[in-house]
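K.L.:
Here is how the chains run, residue by residue.
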Amino acid sequence: MDFLALYVTLKLALVTTIFLMVIAAPVAYALAYYRFAGKSFLEALIYLPMALPPTVIGFYLIIIMGPKGFIGKTWGMLTGGSLLFTFVGITIASIIYSIPFAVQPMKAAFSKLDRRLLESAYVLGLSKRKTFFRVIIPNSVSGIAAAAILVFLHSIGAFGVLLMVGGSIPGETKVASIAIYEAVEMMNYRAAGMIALSLIPISYAFLLLINKLNERNRI
Amino acid sequence: MDFLALYVTLKLALVTTIFLMVIAAPVAYALAYYRFAGKSFLEALIYLPMALPPTVIGFYLIIIMGPKGFIGKTWGMLTGGSLLFTFVGITIASIIYSIPFAVQPMKAAFSKLDRRLLESAYVLGLSKRKTFFRVIIPNSVSGIAAAAILVFLHSIGAFGVLLMVGGSIPGETKVASIAIYEAVEMMNYRAAGMIALSLIPISYAFLLLINKLNERNRI
Amino acid sequence: FAGEKISVAVAANFISAFKEMAPDVKAKTKIKVEGTFSSTGNLYSQITNGAPYDLFLSADEERPAKLNKDGLAETPFVYARGQVVLWSANKDFCKAKTWQEALKKKPVKKIAVTNTQTSPYGAAAKKALEKAGMWDALQSKLVNGETIAQTFQYASTSAVDAGFCAMSATVSDEGKKGCFYVVREAPEIIQSACILKRTTNRAAVQKFIEFLNSPAAKEIKVKYGYR
Amino acid sequence: MSINVSFKKDLKYFDLDISFSCAKKNMVVMIGPSGGGKTTIVRMLAGLEKPKEGKVVFGNEVWFDSLRHINVPPQKRRLGYVFQDYTLFPHLNLYENATFAAVDKKEVDELFELFRIGHLKKRKPDMVSGGERQRCAICQALARHPRILLLDEPFSALDAITRRGLREELKTLKGKMSFPIIYVTHDIAEALYLADELLPVVEGKIDDQWLQRMITRDPSTEVALRAAREPRLTLVY
Amino acid sequence: MSINVSFKKDLKYFDLDISFSCAKKNMVVMIGPSGGGKTTIVRMLAGLEKPKEGKVVFGNEVWFDSLRHINVPPQKRRLGYVFQDYTLFPHLNLYENATFAAVDKKEVDELFELFRIGHLKKRKPDMVSGGERQRCAICQALARHPRILLLDEPFSALDAITRRGLREELKTLKGKMSFPIIYVTHDIAEALYLADELLPVVEGKIDDQWLQRMITRDPSTEVALRAAREPRLTLVY
Ligand SMILES: Nc1ncnc2c1ncn2[C@@H]1O[C@H](COP(=O)(O)OP(=O)(O)OP(=O)(O)O)[C@@H](O)[C@H]1O
Ligand SMILES: Nc1ncnc2c1ncn2[C@@H]1O[C@H](COP(=O)(O)OP(=O)(O)OP(=O)(O)O)[C@@H](O)[C@H]1O
Ligand SMILES: [Mg+2]
Ligand SMILES: [Mg+2]
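The listed protein sequences derive, respectively, from chains B, C, A, G and S.
Those letters in the first sequence? Residues -4 to 214, by our numbering.
Those letters in the second sequence? Residues -4 to 214, by our numbering.
Those letters in the third sequence? Residues 34 to 260, by our numbering.
Those letters in the fourth sequence? Residues 71 to 307, by our numbering.
Those letters in the fifth sequence? Residues 71 to 307, by our numbering.
Mixed in with the good hints there might be a few duds.
[Claimed, not checked] No farther apart than 30 Å at their CA atoms in a straight line, the calculated lysine-lysine pairs in the DSSO-like style are these:
1) A:K174 <-> B:K6
2) S:K94 <-> G:K82
3) S:K120 <-> S:K94
4) C:K123 <-> G:K241
5) A:K130 <-> A:K164
6) A:K209 <-> A:K139
7) G:K120 <-> S:K191
8) A:K210 <-> B:K63
9) C:K207 <-> C:K125
10) S:K192 <-> G:K79
11) G:K275 <-> C:K123
12) A:K138 <-> A:K128
13) G:K125 <-> G:K95
14) C:K123 <-> G:K78
15) G:K120 <-> G:K191
16) S:K95 <-> S:K120
17) S:K194 <-> G:K275
18) C:K34 <-> B:K6
19) A:K159 <-> A:K240
20) B:K125 <-> S:K275
Simulated from the structure, these hints should not be mistaken for lab results.
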């Protein structure tokens, strides 16, 4: 059993989820409350990672994260290291890959909110930023929970993209889904089944946790 | 340019979205409103397709949809045909693969609904079933739109699963993402890029459509 | 025989060659040859679950042999031999005399190899590196591509400095932009094929196999880097 | 049909314990301090909340009986209920709201004229004033031909004149209908004008003294008593 | 600080056109038929809705001026506003709601006692009665030390006794505070008791005749006038 791969998987999924919650919230807010030129276009762009096959995303990510690509070059200048084939690299890839799952449910929750709550907050003197943190976020818990569940699970299942950007390096970028893939390719179906099975309790535990948090905040 | 593959992709994504909306709504309703033994477990099971790598899902789907598998056998008895490598087969695979994306946002929307609306409907004599169609559904439009967007785009990007269950039979099971895969395998990156690019307007058009519908029903 | 059709499961690395052969076969024998392309492992599981293919062109020897042993396929035969090369997008890389020397140069930081357990190309590359006594020393520089096409992608996008690719990659448009060494120390990759017993059109399949062994087919194979 | 009610329920700061009955064509008006349990009583009558103990009998139908474990769901009680916060369906316009469970759509047109919101039919609830919403909620409840009507402060958001007008309409309506009406209000004049029976609810119990104090303390109540042209006041407890 | 207001806005069935002013320590009470535009006026004052034309000057601050394109956002106006439907934040309990924007938390404790909801601090808004919610909303508005107070039917869900009590408290409070209060009510007695100036709003305009008719038509109003111990009524128009 490839425990190292399971550990990397879990770490990746958690880090991705936490980062994406922070990144996606303001984006979802802008999409839910503002009208601006090119908004639908921006939205389509954000959702694009879903519609493209992982191989395509992976291919473009290799290019931009590679030593000649924009992100890769910047990273190289800052740290002197390479981004591809590292844990940081697959984390960035996984974040980009899962953006739509974070943004879409949050946007739905935000835009469903009772306008009067916002008006009340404004009258009480709260700036838009404070209203966001003190009113919108706590009243959108179920949408945020939905986003967290989708992102976490999707990061666990992510495979094609990570395979390309990560290079399957044990302990660093070799996640469980890659281990499963390799087992299948080697016709070792029992091993594949075992790793797949071990993902179930992980996913299940996370799901229970989120549901508990969600219920406590249910309004 | 492989127009046939684009056509199959679009058809698959639409059929999947429509079927999944119908299947997922009652499931999301049960998850949002009822408490029953094993509920978290059922929920985890429903979300499982996200957490597993597509190859694993594809592998198990081949087994159960094959001539010796449960679904495959039943289908064979009913129609005399085989399910694998047919459009119906990849549709079933795509539905199973996208279930979580349909259920999760709908559940979030349903459970966010003002309880007083339901009480009002009950007092007005509406059965639970009628309340579902006449009150819950129309007041959860944005959540349903979120689900439709996620499912549609995810079906377009689906790849690993379809490759395994569908083979790549032109006009039947060869979708755009598989065409991209083949182009990449042949190291023909330009062709791959072209097909990927052509997916953007399709996704964009669908997104605009859903946003329009959503806005018209915005409450 | 007008309007006859056979279905062939083709390992992903052979797509280009296969696609060029199909129209020739059609012209000569009126048989329509339809290909389904995927990884060898994937095709294998499809076949064991009753996929309706007539012929399987594998990327290795192992899986056709296994199908034969399990009674699903006839005796396998070799239809192509591949060769490992060391390819780089950077033409300066090939200025050294041998591939071993090129790899030892300073600026080389990352080298792509295909998964040595799942891919015969990876296994062959490993053998060559072992023969050269470099396998252990290079461990920290190695990056695993999952398929031979992906290894080439790493190299062609300069994500790695060089990669152990298939000869067939060097003849593609992308491949011509770089340079390569033929890695003679790596054993030939033997790709074998087998007729699946479920076929209902054995005569047509036989005709296609005859073509596969003909000089015309040989020419195409060479063009795409096979022997 | 008349209704017989007896309820017990433990609330956090007091225990509710109340029983009363209302004959057909009659109106029981509940009045009492804020937080005294009026809304809770009405919700239990509607079947939206479950009493700890008690019994509700409507005609010869048993709606609730804690001993026999009977609890008819709200759908089957066929009652009209105007919520204190007059919930309308936000996705429907006022007319669609009122016809939502209507027996006869033509009646809704008449009701809308009666309640002076005919010109607002096409508006969504969030585009009209509080009083207009409230009147629509009453039309919605009446249009479904209820067998009993529960009104929880239905005119709280209305000005005195409109309120007086609608109060008259309600009285006329009551004459035409033949069902019991349970009415919650804070307006003592209104209570005295409309009530066949007055039910002062204080901390979950019927409290006659509270009502007496209320009447003697507030001089305008005396006038209200005079003003109510048919002062047929019966106190029940 | 005093406030000077003049507004024009096109509503669907009539055009709103109104101007009035309110000195510091004074209370302007708006009264009028349902749907007449009272809530709309208050919302425009709060900066939640934009008038078509007009001007709002508070002290020497210009809050709104259609000609000079000035429109100070609600956040900067520092006013206390109790909404007609008394919106509280559903994720917070009553105490957290009231201290949400409070200057001094200790004051909130006092306010809760004054408004008799001290025992409900820990409850979420959906676990208390309508009147209790309403009182909490008033505490919330007062606790932030507003420079002007807008109350849109703040006591509509309260019984007469509680209402009379709070009315007195409000009057005492008014004596202590030194800001203008704009008050919307449907209760003519309350209006007469509290108002320094009465503003009858009918179909978007000030309508004196409506008020006269109202007073002569309703006999209880006369008594209410008597009952209001300090009848300092000034009609403004
Ligand atoms: N959902 C609830 N859960 C628990 N307690 C509640 C709930 N709703 C109200 N209460 C409490 O029960 C008591 C009675 O409330 P109820 O709403 O019945 O009063 P009411 O007489 O209708 O008051 P009002 O005139 O203010 O509307 C109050 O003490 C209130 O705080
Ligand atoms: N959001 C809105 N959009 C358009 N029109 C509205 C909106 N809200 C209210 N109206 C209309 O504007 C007019 C004035 O409404 P407003 O809410 O100001 O009345 P009000 O005097 O407060 O009535 P009430 O006493 O019933 O609360 C009414 O005709 C109403 O239908
Ligand atoms: Mg109440
Ligand atoms: Mg109003």
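K.L.:
Does each hint fit the structure? Answer for all of them.
P.N.:
Taking the hints in turn, this is what the structure says about them:
The suggested pairing of K174 of chain A with K6 of chain B holds, with an alpha-carbon distance near 24 Å, which does not exceed 30 Å. Our distance criterion of 30 Å between C-alpha atoms is broken by K94 of chain S and K82 of chain G, whose separation comes to about 42 Å. Annotation: proposed proximity of K120 of chain S to K94 of chain S holds, straight-line Cα distance about 24 Å (limit 30 Å). About 34 Å separates the Cα atoms of K123 of chain C and K241 of chain G, which puts this hinted pair outside 30 Å; it is violated.
At most 30 Å may separate the alpha-carbon atoms for a hinted pair to count; K130 of chain A and K164 of chain A meet this at roughly 18 Å. In summary, the hint linking K209 of chain A to K139 of chain A is supported, as the alpha carbons are separated by about 25 Å, within the 30 Å threshold. A hinted pair counts as satisfied when its Cα atoms are at most 30 Å apart, and K120 of chain G with K191 of chain S qualifies at roughly 25 Å. Simply put, K210 of chain A and K63 of chain B have alpha-carbon atoms about 17 Å apart, close enough for the 30 Å limit, and the pair holds.
Taking the CA atoms of K207 of chain C and K125 of chain C, the gap is about 26 Å. The hint holds against a cut of 30 Å. At roughly 21 Å between alpha-carbon atoms, K192 of chain S and K79 of chain G fall within 30 Å of each other, so this suggested pair holds. Of the pairs offered as hints, the one joining K275 of chain G and K123 of chain C is violated, with about 34 Å between alpha carbons and a cut-off of 30 Å exceeded. This hinted pair checks out: K138 of chain A and K128 of chain A have alpha carbons roughly 11 Å apart, not beyond 30 Å.
This hinted pair checks out: K125 of chain G and K95 of chain G have alpha carbons roughly 21 Å apart, not beyond 30 Å. Distance restraint check for K123 of chain C and K78 of chain G: the Cα-Cα separation of roughly 28 Å lies within the 30 Å cut-off, and the hinted pair is therefore satisfied. This hinted pair does not check out: K120 of chain G and K191 of chain G have alpha carbons roughly 36 Å apart, beyond 30 Å. The hinted pair formed by K95 of chain S and K120 of chain S meets the criterion: a straight-line CA distance of about 26 Å does not exceed 30 Å.
For the suggested pair K194 of chain S and K275 of chain G, the alpha carbons sit about 24 Å apart, so the restraint of at most 30 Å is met. This hinted pair checks out: K34 of chain C and K6 of chain B have alpha carbons roughly 27 Å apart, not beyond 30 Å. For the given pair, K159 of chain A sits about 37 Å from K240 of chain A by alpha-carbon distance, which is inconsistent with the 30 Å threshold. Taking the CA atoms of K125 of chain B and K275 of chain S, the gap is near 38 Å; set against the 30 Å cutoff, the hint is violated.
Hint compliance for this structure: hints 2, 4, 11, 15, 19 and 20 are broken, all remaining hints hold.
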